[in-house]
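Q: Construct all of the structure, not just a fragment, from the sequences and the given hints.
These protein sequence lines are chains A, B, C and D, in that order.
When we follow our numbering, the leftmost residue of the first sequence carries the number 625, and every step to the right adds one.
When we follow our numbering, the leftmost residue of the second sequence carries the number 241, and every step to the right adds one.
When we follow our numbering, the leftmost residue of the third sequence carries the number -13, and every step to the right adds one.
When we follow our numbering, the leftmost residue of the fourth sequence carries the number -15, and every step to the right adds one.
Please keep in mind that the hints were generated in silico from the structure rather than gathered at the bench.
Any given hint could be a false lead.
Claimed, not checked - In silico DSSO-like links for lysine-lysine, alpha-carbon gap of 30 Å or less:
id, chain 1, residue 1, chain 2, residue 2
1, A, Lys761, C, Lys152
2, B, Lys278, D, Lys244
3, B, Lys270, D, Lys234
4, D, Lys44, B, Lys270
5, D, Lys240, B, Lys269
6, A, Lys761, A, Lys630
7, A, Lys649, A, Lys630
8, D, Lys236, B, Lys269
9, B, Lys278, D, Lys21
10, D, Lys214, A, Lys630
11, D, Lys21, B, Lys270
12, D, Lys240, D, Lys21
13, D, Lys244, D, Lys234
14, C, Lys152, D, Lys155
15, D, Lys244, C, Lys213
16, D, Lys155, B, Lys269
17, B, Lys269, D, Lys44
18, D, Lys155, D, Lys240
19, C, Lys152, D, Lys244
20, D, Lys179, B, Lys269
21, A, Lys630, D, Lys234
22, A, Lys630, D, Lys155
23, B, Lys270, D, Lys155
24, D, Lys214, B, Lys270
25, D, Lys236, D, Lys155
26, D, Lys244, B, Lys269
27, B, Lys270, D, Lys236
28, B, Lys278, D, Lys155
To be verified - Label pairs and their calculated CB-CB ranges:
id, chain 1, residue 1, chain 2, residue 2, range
29, A, His799, B, Asn286, 25 to 33 Å
30, A, Ala744, C, Ala195, 45 to 53 Å
31, C, Arg13, A, Asp687, 31 to 39 Å
32, A, Arg685, C, Leu184, 30 to 38 Å
33, D, Thr122, C, Leu57, 25 to 33 Å
34, B, Ser289, A, Ile785, 46 to 54 Å
35, A, Arg685, C, Leu4, 26 to 34 Å
36, C, Gly37, D, Thr122, 51 to 59 Å
37, A, Gly680, C, Leu8, 16 to 24 Å
38, D, Glu152, A, Glu775, 36 to 44 Å
39, A, Thr809, D, Glu152, 47 to 55 Å
40, D, Trp14, B, Ser242, 18 to 26 Å
Fair warning: this is a prediction, and the values are worked out from it, not measured in the lab.
Virtual Cβ for every residue (Gly too), placed ideally from N, Cα, C.
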Amino acid sequence: MLSVSKINFERYFEPVFEPVSFELKAGQLLLVTGSNGCGKTTLIRVLADILYPTSGEFLRRTDSMGYVGHYLGIKDDLSVIENLRFMRDFLGTSRRSCKDVIRQVGLGRVSEQLARTLSAGQRKRCALARLLLSNTKLWLLDEPYSNLDQEGVNLVDDMLIAHLETGGACVLATHGNHRPNWAGTQDCRLISGAAA
Amino acid sequence: MSHTPFIWAAYSIGTVVLLWCALAPLIHKKAVIRDIRKLSQIEERNRDSHS
Amino acid sequence: MTPEQQSGSMASAFFALLRRDLLLAFRRRTEMLFPIVFLLVVVSLFPLGIGPSPALLARIAPGVIWIAALLATVISLDGLFRSDFEDGTLEQFVLSGHPLTLISLAKILAHWLVAGLPLVLMSPLLAVWMNLPIESLGVMVLTLALGTPILSLIGSIGVGLTISLKRGGQLLSLLVFPLYVPILIIATAAVMAASDGLPYTAFLGLLVAGLITSVTLAPFAAAAALKISLS
Amino acid sequence: MNTNATTMNKDKPRKNWLVMFIHKMGSPPWFYGFSGKLIPWLWAIFAALTIWGLYLGLVKAPADYQQGESFRIMYLHVPSAWMSMLIYTSMAIMGFIALVWRIRIMEILAMSSAPVGAAFTIIALASGSLWGRPTWGTYWVWDARLTSELVLLFLYLGVIGLYNAIDEPRKAARAACLLALVGAVNLPIIHYSVKWWNTLHQGSSISVTGGSNIDPSMLWPLLIMAFAVKFYYGANLLTRARVKLLEQDKRKGWVKKIIKERES
Chain A
625 MLSVSKINFE
635 RYFEPVFEPV
645 SFELKAGQLL
655 LVTGSNGCGK
665 TTLIRVLADI
675 LYPTSGEFLR
685 RTDSMGYVGH
695 YLGIKDDLSV
705 IENLRFMRDF
715 LGTSRRSCKD
725 VIRQVGLGRV
735 SEQLARTLSA
745 GQRKRCALAR
755 LLLSNTKLWL
765 LDEPYSNLDQ
775 EGVNLVDDML
785 IAHLETGGAC
795 VLATHGNHRP
805 NWAGTQDCRL
815 ISGAAA
Chain B
241 MSHTPFIWAA
251 YSIGTVVLLW
261 CALAPLIHKK
271 AVIRDIRKLS
281 QIEERNRDSH
291 S
Chain C
-13 MTPEQQSGSM
-3 ASAFFALLRR
7 DLLLAFRRRT
17 EMLFPIVFLL
27 VVVSLFPLGI
37 GPSPALLARI
47 APGVIWIAAL
57 LATVISLDGL
67 FRSDFEDGTL
77 EQFVLSGHPL
87 TLISLAKILA
97 HWLVAGLPLV
107 LMSPLLAVWM
117 NLPIESLGVM
127 VLTLALGTPI
137 LSLIGSIGVG
147 LTISLKRGGQ
157 LLSLLVFPLY
167 VPILIIATAA
177 VMAASDGLPY
187 TAFLGLLVAG
197 LITSVTLAPF
207 AAAAALKISL
217 S
Chain D
-15 MNTNATTMNK
-5 DKPRKNWLVM
5 FIHKMGSPPW
15 FYGFSGKLIP
25 WLWAIFAALT
35 IWGLYLGLVK
45 APADYQQGES
55 FRIMYLHVPS
65 AWMSMLIYTS
75 MAIMGFIALV
85 WRIRIMEILA
95 MSSAPVGAAF
105 TIIALASGSL
115 WGRPTWGTYW
125 VWDARLTSEL
135 VLLFLYLGVI
145 GLYNAIDEPR
155 KAARAACLLA
165 LVGAVNLPII
175 HYSVKWWNTL
185 HQGSSISVTG
195 GSNIDPSMLW
205 PLLIMAFAVK
215 FYYGANLLTR
225 ARVKLLEQDK
235 RKGWVKKIIK
245 ERES
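A: Set out below in structure tokens:
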């Protein structure tokens, strides 16, 4: 699904992290950990094809990727359901209805409200609903647990395990202690490039 | 009206601009080299204090 | 996925994005009025600044209206990609697998419908203010209808390049105004030719050629610029 | 970290010789050393040609029967105007290579070209308006050449401005290279539309270049000067590129080695 060799990214002519190599197969989870500023977000953005790696190469990468980053990509002036309907029409890959995924992430009561009225946690849930809607094979999640209550954390874990059980894969970056309970988990501890 | 002052003015402007354009990177280079020296001094000091 | 299906989904993505951008513009409809009001104010300053002589105003009318349209376009351009860039929607677009070129084109079209078309519709009023001969009114509107999309298309490249800067707006005008020079020259020449009773169809042909060229090239450059700005 | 030993695909597609050469040039120590040896020669050739050209143009050539002495500004104005266009073209070509193959040295070269090109544009504008004063009686006329030089200056300022506005140097260079490329596509259109605009509004009949039948005694110094400034560009470009390379790689080993060698 995703296989990279000695991927590195430089900013201001300094490597952000030590070169990374891994191979991720269907049903596997890659847990990217490391202290603040070690380049977790940068790595995820490189994997997402938003950034171009300075050195190293992709040996394999699926086209079907879903991404939840720090900036969630939710329009304030649209309601939750409008946001999701747009993404459904735009992506054209969805197999589920918008109402269905909204119910799953627990936003049923606010689905008609403008996104600007939502709390940070609710916005995160809205982004997760879009991820479910996208029907992608590889998920790239950057700090998915932030801003979420315990119920929300469980929601992410349930989503993730269902995704991995059905042959999906996921790269998950987190600085916290919580880790999803999944047997096929690889660990990738990022080392800051400046420290080396 | 004599044309000579205009010729002189044009060539002096040309000389000044080209000279400045040629010297600017050299001045900048001095600053860069000073910067690099400072950087390696700091590195050496760090190495000494660690050992 | 067969190629046919893919192109089908690309078309639906294009229209979904177009519809969303128009809806977003409608939700913020007072902001839509700013460029139009700006255009009216700028043009009305000219008679105040140089005197109300009808002959003089008629002479400078094409240039004044076109320059005001350039300025109005540039101030509206900053909104073209700004919100999608800042709230992370653009990253989602990159991940969607749809070409960024197509996405840029949809957004440029939406921008023109919201910011460019009203300028075209406003121009007869301006022409009356500036005492433009009635025979050249139609040509004026036509040049704006053909020219403002080019302004949006070329401008989108500049916006793509400056979007990652906090205060990109000021730099934007420096980047795009030199590129607007040919359009300004051709469009005003067409209107002046019409005022003088000379043939002007060749000028309009040049504008059409410019429009076709910029529709085919500018979205690619804008997409490349956005990709650089995201890094 | 789980490092699955992924076997790298050894037989990559072979690149053509030009790309290979550029990649070799892209090795910073090699480029630094090679250009360091080249620069003095370029300066020497520039100096020799300039002295020869100016001697022929300012001392030997007779005064023009139509324009008097002021035509001598041509030996500065015309080569500068040609250079300003040439440097923009070369910047755009290097920018294109930099964007497509992501070669850092090309980004550096393209970005080092911009100030040199802007300098030549300023000289062309200043000398053109100083030529205009005795000829037309005013310092500025919206003549086709001066107007397109002015637009060209704005294009240069845009590239330099964008490069300086973005913090991350590689990103800044890529953005400015793209802008240079867009400008280069537009440049011929701007040039011809300005020329045509000028005839449309009945511009001046004489321009700095004068008629088509220039006397050989006037043509030779012009060609020599036009040739000389190319060496100025080469020398100045390489000097600027070297400094930029040094600055960007200041933490790298090869730079420290060079600085150490300079000290001893």
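Q: Please go over all the hints and tell whether each is borne out by the structure.
A: These are the hints, each one checked on the structure:
{"no.": "1", "hint": "A:Lys761 x C:Lys152", "in the structure": "violated (35 Å)"}
{"no.": "2", "hint": "B:Lys278 x D:Lys244", "in the structure": "holds (12 Å)"}
{"no.": "3", "hint": "B:Lys270 x D:Lys234", "in the structure": "holds (13 Å)"}
{"no.": "4", "hint": "D:Lys44 x B:Lys270", "in the structure": "violated (41 Å)"}
{"no.": "5", "hint": "D:Lys240 x B:Lys269", "in the structure": "holds (14 Å)"}
{"no.": "6", "hint": "A:Lys761 x A:Lys630", "in the structure": "holds (23 Å)"}
{"no.": "7", "hint": "A:Lys649 x A:Lys630", "in the structure": "holds (18 Å)"}
{"no.": "8", "hint": "D:Lys236 x B:Lys269", "in the structure": "holds (17 Å)"}
{"no.": "9", "hint": "B:Lys278 x D:Lys21", "in the structure": "holds (27 Å)"}
{"no.": "10", "hint": "D:Lys214 x A:Lys630", "in the structure": "violated (43 Å)"}
{"no.": "11", "hint": "D:Lys21 x B:Lys270", "in the structure": "holds (19 Å)"}
{"no.": "12", "hint": "D:Lys240 x D:Lys21", "in the structure": "holds (19 Å)"}
{"no.": "13", "hint": "D:Lys244 x D:Lys234", "in the structure": "holds (13 Å)"}
{"no.": "14", "hint": "C:Lys152 x D:Lys155", "in the structure": "holds (15 Å)"}
{"no.": "15", "hint": "D:Lys244 x C:Lys213", "in the structure": "violated (40 Å)"}
{"no.": "16", "hint": "D:Lys155 x B:Lys269", "in the structure": "holds (22 Å)"}
{"no.": "17", "hint": "B:Lys269 x D:Lys44", "in the structure": "violated (40 Å)"}
{"no.": "18", "hint": "D:Lys155 x D:Lys240", "in the structure": "holds (25 Å)"}
{"no.": "19", "hint": "C:Lys152 x D:Lys244", "in the structure": "violated (41 Å)"}
{"no.": "20", "hint": "D:Lys179 x B:Lys269", "in the structure": "violated (41 Å)"}
{"no.": "21", "hint": "A:Lys630 x D:Lys234", "in the structure": "holds (24 Å)"}
{"no.": "22", "hint": "A:Lys630 x D:Lys155", "in the structure": "holds (22 Å)"}
{"no.": "23", "hint": "B:Lys270 x D:Lys155", "in the structure": "holds (25 Å)"}
{"no.": "24", "hint": "D:Lys214 x B:Lys270", "in the structure": "holds (26 Å)"}
{"no.": "25", "hint": "D:Lys236 x D:Lys155", "in the structure": "holds (20 Å)"}
{"no.": "26", "hint": "D:Lys244 x B:Lys269", "in the structure": "holds (15 Å)"}
{"no.": "27", "hint": "B:Lys270 x D:Lys236", "in the structure": "holds (18 Å)"}
{"no.": "28", "hint": "B:Lys278 x D:Lys155", "in the structure": "holds (27 Å)"}
{"no.": "29", "hint": "A:His799 x B:Asn286: 25 to 33 Å", "in the structure": "holds (28 Å)"}
{"no.": "30", "hint": "A:Ala744 x C:Ala195: 45 to 53 Å", "in the structure": "holds (51 Å)"}
{"no.": "31", "hint": "C:Arg13 x A:Asp687: 31 to 39 Å", "in the structure": "holds (33 Å)"}
{"no.": "32", "hint": "A:Arg685 x C:Leu184: 30 to 38 Å", "in the structure": "violated (60 Å)"}
{"no.": "33", "hint": "D:Thr122 x C:Leu57: 25 to 33 Å", "in the structure": "holds (28 Å)"}
{"no.": "34", "hint": "B:Ser289 x A:Ile785: 46 to 54 Å", "in the structure": "holds (50 Å)"}
{"no.": "35", "hint": "A:Arg685 x C:Leu4: 26 to 34 Å", "in the structure": "holds (30 Å)"}
{"no.": "36", "hint": "C:Gly37 x D:Thr122: 51 to 59 Å", "in the structure": "violated (25 Å)"}
{"no.": "37", "hint": "A:Gly680 x C:Leu8: 16 to 24 Å", "in the structure": "violated (42 Å)"}
{"no.": "38", "hint": "D:Glu152 x A:Glu775: 36 to 44 Å", "in the structure": "holds (40 Å)"}
{"no.": "39", "hint": "A:Thr809 x D:Glu152: 47 to 55 Å", "in the structure": "violated (34 Å)"}
{"no.": "40", "hint": "D:Trp14 x B:Ser242: 18 to 26 Å", "in the structure": "violated (54 Å)"}
Of the hints listed earlier, those the structure fails to meet are numbers 1, 4, 10, 15, 17, 19, 20, 32, 36, 37, 39, 40, in rising order.
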